[in-house]
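Put chain B on the given structure of chain A with help from the hints.
Okay, here's what each chain looks like letter by letter:
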Amino acid sequence: MKRTHSFYFMLSFISGLLILFILLPLLRTIILPAQFIGKAIADKEVIQAIFNSVFLSIVSAVIAGIFGIPLAYILARKRFWGKRIVETIVDIPLAIPHTIVGIALLSVFGKNALLGFNFVGTRIAIVTAMVFVSLPCMVNSARDGFEAIDEKLEKVGRTLGASVYEVFRRISLPLAKRNILTGLSLTWARSISEFGAVVVVAYYPMTAPVKIWDLFTTTTLKASAGASALLLIICLTMFGLFRLLLHKK
Amino acid sequence: MIALTVENLGLVIGRHRILKDITFNVEEGELMVILGPTGAGKTLLLESIAGFHSLSGKILLFQRGLTSRGLTSKEITHLGPEERNIGMIFQDYALFPHLTVKENILFGTRYRKEENSKSQIPNPKMELESLVELFKLTHLVHRFPNTLSGGEKQRVSLARAMITGPELLLFDEPLSALDEELRVQMQEEIKVILKELKIPSLYVTHSRIEAMVLGDRIAMMEDGELLQIGTPNEIFSTPQNERVAQFTGVETILSGIIKEQKGGLAVISVGENSKSQIPNPKEEIEIEAITTRAVGEKVTICIRSENVGIEETVPVSAKTSVRNKLRGRIKKVTQCGPVIKVHLDCGIPIIAAITKQSYEELGLAKDKEVMVSFKAITVHII
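In the order they appear, the protein sequences are chains A and B.
Okay, so the first sequence: first residue is 1 according to our numbering, each after it adds one.
Okay, so the second sequence: first residue is 1 according to our numbering, each after it adds one.
Source of the hints: derived by calculation from the structure; they are not laboratory data.
C-beta atoms are modelled at their ideal positions from N, C-alpha and C, and glycine is treated no differently.
Hints should not be assumed to be uniformly reliable.
As the list claims (entries may be wrong) - As a list, the in silico DSS-like pairs of lysine-lysine whose alpha-carbon atoms are at most 25 Å apart: (1) B/153 to B/191; (2) A/177 to B/102; (3) A/248 to B/102; (4) A/152 to B/102; (5) B/191 to A/152; (6) B/153 to A/152.
As the list claims (entries may be wrong) - Listed next, the stretches of chain A that the computed footprint assigns to chain B, with coverage defined by at least 3 CB atoms under 8 Å from CB atoms of chain B: (7) 43 to 57; (8) 141 to 154.
To be verified - Computed from the model, here is a short list of chain B residues facing chain A with C-beta under 10 Å: (9) 24; (10) 52; (11) 85; (12) 91; (13) 95; (14) 98; (15) 110; (16) 112; (17) 164.
So here's chain A without its partners, still in its complex pose:
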């Protein structure tokens, strides 16, 4: 008994350290003298950048959902030659430095590049970068959701007269809803926090992380801290609300 107690005490202690490690810097950022945050709110450029971040990351999450869910379903349900390869490709964005992602995107969508049009410095470029880095979250989460559905439910739907489309719409999608929403929230979180890939393809229009970087390098730490606190509060609130919504269901 004593041993069990000491074992779990040790685990709890280490876990506690970990949680503190995550929370401490964040709390330290948020708990700022109000004047810094006030200054950040007063700065039109900061507000514009935060709006860009919030809006474009939501757009990215929706696009990732539209393109990611079909692939997730195929990966969950079908066996085919090269499936492993496709799964690996889906995970690649997680494994490469995001500045490289930016450069790679430029080589396809940049000036005089493969596709012959230049998207550098546009909102489209930002969304493209965000989708690229966050797609794995969407696909993997939705795939887990579809895999967890008993195939018999889909089969019984067919025997009751529903076509594959109807079965997908009325059985698979609703049953994977929680995973899909989780995927969307992770995709959104990944998108709004993206800096490396975005800064390469579009310094302007500025997203919040780029703006904060800009403030950090050109002005003072305190100026960037105000903007950071603001973005952090918005991110945490949205993330928290989303989680709450998920758990309520």
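Only chain B this time, still in chain A's reference frame:
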């Protein structure tokens, strides 16, 4: 009248031939049980009939027209599951967990309205009410499946299938996950409901008891092939090959050669018994059985344990109808629920099933010598 015809059905998955040349009919209103061990291909056969696999061969459904046209047949071999009008009940009932009982039952109604010839659903709500009543689900309609008991789930899944007016119902081991008591109760329930609804059904199980209780006919399946089709009595009393005999619980299976034929009553000589430790006056053992097979033919002898009697080793002079009497020694005794299985060495291995009472009355024990007897008529020859 035939409701379903399956002709030379074949299914190949990858390099494996899963179903081999399967042919059978299901009659109108009949409950046909597909009986076989795990891995026989039973579930894949059901799924093939439901439309989930591409097949060789032919599947025909016979619909009873509403008019005087009588029977019309429809080939469904290459139709999708949603076009076949065949209902399927799965092992754990596969109720949609995100829908209430009512929504589950109504699921199929939006797809099967106009095309249905057998039981047209002019007003799904009416149909819902009568089905809910028939299946005793009235108080459950607003509940979600995870709050239902096994029996309730089964009734919901049946009602959900029934509302679409299927021309055939397929059951994939619906009772195998239940405990013994509930299983017996639900067998009865299914039987009563199916007789009432008169829908031809195919019922897959690996339990021979369930097959006997439920089946109008049984199709015995193994390794993707149908070994024998017949009434429960035919399958259990007159198996056509050794595997059917084994699976239906024949415990003594011997090979022999017909030695003499006396107009239907044959004397069969059963193999040499060099391994036996029992001194036997005859060098070879003879068994009498009813068969018309010719002298010299090789046969398989099936003796059900419950048809074997054990007596004390007193020479009996009185004539009885028992033709087969052998002296033997008890080698092993196992208790199987209410009966005791006695493994005997009579020169040939024979198993007898007797009640506990007679076991005690006869004072039986291991290594005791006894007389073993069985009537010629109970010996089945393959």
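Name the hints, by number, that the structure is in violation of. The structure breaks hints 7 and 9; every other hint is satisfied.
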